[in-house]
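Listed below, chain by chain, are the residues.
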Amino acid sequence: MNIFEILVQYRQAFLNGLFVSFKLALSIWVIGLIIGSILGIFAARLSKSVGRITTIIGSIITSIPALVFLFWLHYPLQAALQVVINPFYTAVVALSIINIFGVSSIVRSSIIDFPKQYITAAKVCGLKKSITIRRIILPLIIRQILPGILILQVTMLQSTLFASLISVEEIFRVAQRVNAIVYRPIQIYTALAFLFIALCLPLNLFAFWLNKKYKVLTSDQ
Amino acid sequence: MLAGNNIIKKFAEQIALDSIDINLNPGEINALIGPSGAGKTTVLRALSLIDPPSNGKVIIDNHQYAFPTSLNKDYEILWPKVTVVFQQLFLWPHLTLYDNIKMPVNQNDLDMDYAEELIRFFNLCDCVQRYPYKVSVGQRQRAAIVRAISLRPKYLLLDEVTSALDVEQIKNLSQCLSRICSEGCGVIIVTHLLGFARHIANRYSFIENGRILETGLIKNLDEPTTKRVEEFVSIM
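Chains A and B are the protein sequences, given in the same order. Position one of the first sequence corresponds to residue 73 (this note's numbering), numbered consecutively onward. Position one of the second sequence corresponds to residue 947 (this note's numbering), numbered consecutively onward.
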């Protein structure tokens, strides 16, 4: 049985797994980007209060391996609280928290490190604050944070595979189950690797290109 | 009149400007000269209220700001009536040279005809649609000058804006400054080019270690009253 026959025969299972993986990734991306950006802005503006707290919590969260954090939320915390939560939602919460603090850290540092001279130039040119934010600060900050944010989202997409270990029926778990039936590990896991290369490599290259472009843009300034 | 009276600027415990008095009348060019690190840029930043003084008074026509009480006031109404071309230029990197000029002109409800005329005058037509990183430092310098002059400021503060200009462009700048001064604009120009200062300025102020050592009509620069200025001028 070659890989194409496997994919055709188990297409429904693979499609379901892909759907769960994308649903999981999309949830993590949306929650992380929205809450993380808001938190990052507050952390930059209120650096002594919100900024310090998010830095401390973010440092702790990012020090815990994603898998340990996921397991901790899935087993000991739920046992301690005597609740049973659908593993999909546990994975969404665990990975979203990691994403929130990752995004927040990128947004915060780019706001804090924003070159003040561009704001000074806007001031002496008589630009209103709202115009300065809309036409100068935001476009430059977005250019600066986009590569880091993209790379982080690729990492989060890859981290969704950990959800298989708490029984979320995502693509990796489906692949494991199919492999248990047909026992073709080389073909199945190679196909999975190619799927992730197809998804992640363009995003990583795009992030690299954006980063290079931003650095060139701000060179000699 | 743009004036700074008894301006003191402190950074932590270090005194960068020590009781500076400087005046600029409309239509006048004041050359601010002195060695590196003397405080020339700090004077421009204090006068334009970009980096307000710690103590002293800044008067811009009928607006008076006494420091430290006027700290954290909203100075927005003064810009671009008073504007600055910084040594580092500070062009916005994500906009072309043309958009760097056009955006502030449009936002201040001014017309682009004057700016277009200046773009032609400073020979920027060939590169104006390029981004700052794609043009030479001299072209960026001219674009920053055009951006400031297009805003029709009443007081224009120029910080070492001739450093990357060739003689032709310095001549163009001289002509342009003479023209805007004849229309009532006051200019303070920080420069190391004493020949340029002699050619263009009405007055000079010599600053060292945060203090103005000498000030006077530009014709008197060749006969300075202090030994230090005499020494400096003789080297240059």
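Wrong hints could be hidden among the right ones.
[What the hints assert, rightly or not] Now the in silico label distances, taken between C-beta atoms and shown as ranges: (1) B/Gln-1034 with A/Pro-211: 14 to 22 Å; (2) A/Ile-125 with B/Ser-1000: 31 to 39 Å; (3) A/Lys-120 with B/Asn-1069: 33 to 41 Å.
[What the hints assert, rightly or not] Below 25 Å or equal to it, Euclidean Cα-Cα: the simulated SDA-like pairs (lysine to any residue) are: (4) A/Lys-188 with B/Gln-1033; (5) B/Lys-1019 with A/Lys-285; (6) A/Lys-188 with B/Arg-1144; (7) A/Lys-201 with B/Pro-972; (8) A/Lys-201 with B/Lys-1019; (9) A/Lys-200 with B/Asn-1018; (10) B/Lys-1100 with B/Glu-959; (11) B/Lys-1048 with A/Tyr-286; (12) B/Lys-1080 with A/Ser-119; (13) A/Lys-188 with B/Lys-1080; (14) A/Lys-285 with B/Gly-1084; (15) B/Lys-1048 with A/Phe-141; (16) A/Lys-284 with B/Lys-1100; (17) B/Lys-1027 with A/Ile-184; (18) B/Lys-1165 with B/Arg-1098; (19) B/Lys-1080 with A/Lys-201; (20) A/Lys-188 with B/Lys-1165; (21) A/Lys-200 with B/Gln-1121; (22) B/Lys-1027 with A/Tyr-286.
[Claimed, not checked] Some chain B residues judged to face chain A by a derived CB distance under 8 Å, without partners named: (23) Ser-994; (24) Ser-1000; (25) Trp-1025; (26) Val-1030; (27) Phe-1036; (28) Trp-1038; (29) His-1040; (30) Pro-1050; (31) Gln-1075; (32) Tyr-1077; (33) Gly-1084; (34) Leu-1097; (35) Ile-1126.
Bear in mind the hints are in silico, worked out from the structure with no lab data behind them. Think of the CB as a built atom: it goes at the ideal place given N, C-alpha and C, for glycine as much as any other residue.
Evaluation of the provided hints:
| no. | hint | result |
| --- | --- | --- |
| 1 | B/Gln-1034 with A/Pro-211: 14 to 22 Å | holds (20 Å) |
| 2 | A/Ile-125 with B/Ser-1000: 31 to 39 Å | holds (33 Å) |
| 3 | A/Lys-120 with B/Asn-1069: 33 to 41 Å | violated (50 Å) |
| 4 | A/Lys-188 with B/Gln-1033 | holds (15 Å) |
| 5 | B/Lys-1019 with A/Lys-285 | violated (38 Å) |
| 6 | A/Lys-188 with B/Arg-1144 | violated (34 Å) |
| 7 | A/Lys-201 with B/Pro-972 | violated (28 Å) |
| 8 | A/Lys-201 with B/Lys-1019 | holds (15 Å) |
| 9 | A/Lys-200 with B/Asn-1018 | holds (17 Å) |
| 10 | B/Lys-1100 with B/Glu-959 | violated (34 Å) |
| 11 | B/Lys-1048 with A/Tyr-286 | holds (22 Å) |
| 12 | B/Lys-1080 with A/Ser-119 | violated (36 Å) |
| 13 | A/Lys-188 with B/Lys-1080 | holds (22 Å) |
| 14 | A/Lys-285 with B/Gly-1084 | holds (23 Å) |
| 15 | B/Lys-1048 with A/Phe-141 | violated (52 Å) |
| 16 | A/Lys-284 with B/Lys-1100 | violated (41 Å) |
| 17 | B/Lys-1027 with A/Ile-184 | violated (29 Å) |
| 18 | B/Lys-1165 with B/Arg-1098 | violated (28 Å) |
| 19 | B/Lys-1080 with A/Lys-201 | violated (28 Å) |
| 20 | A/Lys-188 with B/Lys-1165 | violated (39 Å) |
| 21 | A/Lys-200 with B/Gln-1121 | violated (31 Å) |
| 22 | B/Lys-1027 with A/Tyr-286 | violated (33 Å) |
| 23 | Ser-994 | holds (6 Å) |
| 24 | Ser-1000 | violated (19 Å) |
| 25 | Trp-1025 | holds (5 Å) |
| 26 | Val-1030 | holds (5 Å) |
| 27 | Phe-1036 | holds (4 Å) |
| 28 | Trp-1038 | holds (6 Å) |
| 29 | His-1040 | holds (5 Å) |
| 30 | Pro-1050 | holds (4 Å) |
| 31 | Gln-1075 | violated (16 Å) |
| 32 | Tyr-1077 | holds (7 Å) |
| 33 | Gly-1084 | violated (12 Å) |
| 34 | Leu-1097 | holds (6 Å) |
| 35 | Ile-1126 | violated (16 Å) |
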